[in-house]
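Protein chains in written order, with this note's numbering: chain F, 1 to 333; chain W, 1 to 333.
Read the hints as simulated data drawn from the structure, not as lab findings. Keep in mind the model is a prediction, meaning the values are calculated, not measured. It is possible that some hints are incorrect.
All copies of an identical chain are treated as equivalent in the list; a pair is satisfied when it fits inside any one copy or across any two copies.
[What the hints assert, rightly or not] DSS-like, lysine-lysine: derived pairs with alpha carbons at most 30 Å apart:
hint: 1; residue 1: Lys292; residue 2: Lys302
hint: 2; residue 1: Lys11; residue 2: Lys263
hint: 3; residue 1: Lys309; residue 2: Lys262
hint: 4; residue 1: Lys11; residue 2: Lys262
hint: 5; residue 1: Lys309; residue 2: Lys292
hint: 6; residue 1: Lys118; residue 2: Lys247
hint: 7; residue 1: Lys118; residue 2: Lys302
hint: 8; residue 1: Lys11; residue 2: Lys265
hint: 9; residue 1: Lys265; residue 2: Lys292
Given next are the chains, with one letter for each unit.
There are 2 protein chains.
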Amino acid sequence: VLNRVSQPQRKEPTVAELTKSLIAGDRAALARAMTWAESTRPEVTQRFREVLDRLPRPTSPSIRLGVSGTPGVGKSTFIEAFGQSLLGSGFRLAVLAIDPSSLASRGSILGDKTRMEKLSRDERAFVRPSPSRGFLGGTHARTFDLIELCERVGFDAIIVETVGVGQSEVAIRDLVDVVLLLLQPSSGDELQGIKRGVVEIADWILINKADGDRVAAAEATRMEYESAVSLFDRSVQVEKLSALDPKQVTAFWARVKDGLEKKRKTERWLGQRRQQVESWLQSQVSVALIEKYLHSAEGQDKIRSMALKLEVDASGTFDMTRGRREIEDFTRG
Amino acid sequence: VLNRVSQPQRKEPTVAELTKSLIAGDRAALARAMTWAESTRPEVTQRFREVLDRLPRPTSPSIRLGVSGTPGVGKSTFIEAFGQSLLGSGFRLAVLAIDPSSLASRGSILGDKTRMEKLSRDERAFVRPSPSRGFLGGTHARTFDLIELCERVGFDAIIVETVGVGQSEVAIRDLVDVVLLLLQPSSGDELQGIKRGVVEIADWILINKADGDRVAAAEATRMEYESAVSLFDRSVQVEKLSALDPKQVTAFWARVKDGLEKKRKTERWLGQRRQQVESWLQSQVSVALIEKYLHSAEGQDKIRSMALKLEVDASGTFDMTRGRREIEDFTRG
Chain F
1 VLNRVSQPQR
11 KEPTVAELTK
21 SLIAGDRAAL
31 ARAMTWAEST
41 RPEVTQRFRE
51 VLDRLPRPTS
61 PSIRLGVSGT
71 PGVGKSTFIE
81 AFGQSLLGSG
91 FRLAVLAIDP
101 SSLASRGSIL
111 GDKTRMEKLS
121 RDERAFVRPS
131 PSRGFLGGTH
141 ARTFDLIELC
151 ERVGFDAIIV
161 ETVGVGQSEV
171 AIRDLVDVVL
181 LLLQPSSGDE
191 LQGIKRGVVE
201 IADWILINKA
211 DGDRVAAAEA
221 TRMEYESAVS
231 LFDRSVQVEK
241 LSALDPKQVT
251 AFWARVKDGL
261 EKKRKTERWL
271 GQRRQQVESW
281 LQSQVSVALI
291 EKYLHSAEGQ
301 DKIRSMALKL
311 EVDASGTFDM
321 TRGRREIEDF
331 TRG
Chain W
1 VLNRVSQPQR
11 KEPTVAELTK
21 SLIAGDRAAL
31 ARAMTWAEST
41 RPEVTQRFRE
51 VLDRLPRPTS
61 PSIRLGVSGT
71 PGVGKSTFIE
81 AFGQSLLGSG
91 FRLAVLAIDP
101 SSLASRGSIL
111 GDKTRMEKLS
121 RDERAFVRPS
131 PSRGFLGGTH
141 ARTFDLIELC
151 ERVGFDAIIV
161 ETVGVGQSEV
171 AIRDLVDVVL
181 LLLQPSSGDE
191 LQGIKRGVVE
201 IADWILINKA
211 DGDRVAAAEA
221 TRMEYESAVS
231 LFDRSVQVEK
241 LSALDPKQVT
251 AFWARVKDGL
261 EKKRKTERWL
271 GQRRQQVESW
281 LQSQVSVALI
291 EKYLHSAEGQ
301 DKIRSMALKL
311 EVDASGTFDM
321 TRGRREIEDF
331 TRG
């Protein structure tokens, strides 16, 4: 270790350099820009924003799709097949994952490598595996930034994937044009994970794994959900499908595409995008407020000095009344 | 509908009345106080805080346990059995669920009724089913409030249950003394849902459903995780168990209790609770900032007028550069 030769540091590109590489279609540059977007260092996210502002806005509308479902339901398999159908229609596709669980560290503990292998290798597609450090609304704001980035570098179809049963599902409706909810033939157990809130935001409910000896169970589940959603005052399509069968997936994509094209003609689509601006503003303002008042050096100092004043006694509790007074002073000042 | 007799409105109790009922051990009052705590109306949460401040702080330390796991893993069955063991040790138990998915509406779409039936009926226990409207850090702050409330009305064991793979798992370590992560014998598929971040916060990993023909698979999964966690620089216990076998559950509870008692003697426990004060402050300040600047009538007016300025064009996008300038003005002003 004594005479260790110092490694040459890979130099970070400037804003102008990264913008240039992005316009040239450099995939490594795209990954880099996303890493900047997701940085917890404000000066880095600031650089990302400068890059974004230098890229041209798309001239024709993109397609934004949300794919949601609990772990094990077959999201990756479905997106792999569905993505091929989109590429077949001439779209350039970016797949982004909202992963609120990667706060502490990144990636899953076992085998995430083979996710969407075909799409990952296809030059018309870009797959960004689960990176977002979701916290305090940051997930939503950052994902919107990533969508915008992908569109500005030429992707005209975006899939936003969410991994489970959390807030991300509810937030997804503020990010995309169409939400697909994947379920599997039910065994009772899984239904617990599907909350009304999640079902209510879906435009399509897909019972996946309708293959082999699970076709009948899939149909039963489909009917169950079809009757459940009939209570809603908006239309939700419920279908069963096997993501392993490319023909079924392509036929399904044709129906989604058709639905979207009709929606665009009625201007409902533009209305929805307008509403999303408000949601974008809300989340960006939240992030900005928290960065300014809480995550700043000054904010952190205040928190620490407040914590010191609130002594935890032998019962393991502290004086919350006093704590709340401190917080009032904080937000007033 | 013409001559409909107006229903007598159930009168809301005053702060003093509710406090009195809580001290008398009234369970309906406890449910009411929780509803106040989770209200989106600031004047109602303010009333909740006044109630909380009037209740006495506990004199002896409680036990705070987190139970986490994806849907279908058997959390309810486990907590039902585990809870019986706690009651058997003389504890009074409250079970709280963090459910970030119930933002849009409440409760699961199918069959949530039979959850923890025995515990729900036991007067030494109180089960609060998944109510929190999690948004922008609010979940964490409110759950802390509920824990505090339960302890102040005499519950000395609190289980905080989280439903999935999201932020809530990561936030849970800031709420409890010990985190139990439930898994099931793996089929490869489910592992995707378990992210490193979630595993890293667990003190105990329990492979549930180790019964019948799944015992061997459970043992294989246990060994897999045991080798995975051996890479961590902190100790995590990995066990398999069947939540259907009360003996196994009681034996497991004895080990958890033993571990906790040892932890308390080393003062590590008090150190952890002290750190949690800081985390409580952070989340309360976030909520206060967002309530003051964003959710206030003034804040919402500003957001709407900003949204109006940002016109969505035919491509479905808007001028983000301008949007960010607006946000800067917002947080500066």
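Structure-inconsistent hints, enumerated in ascending order: Result: hints 2, 4, 7, 8 and 9 break, sorted rising.
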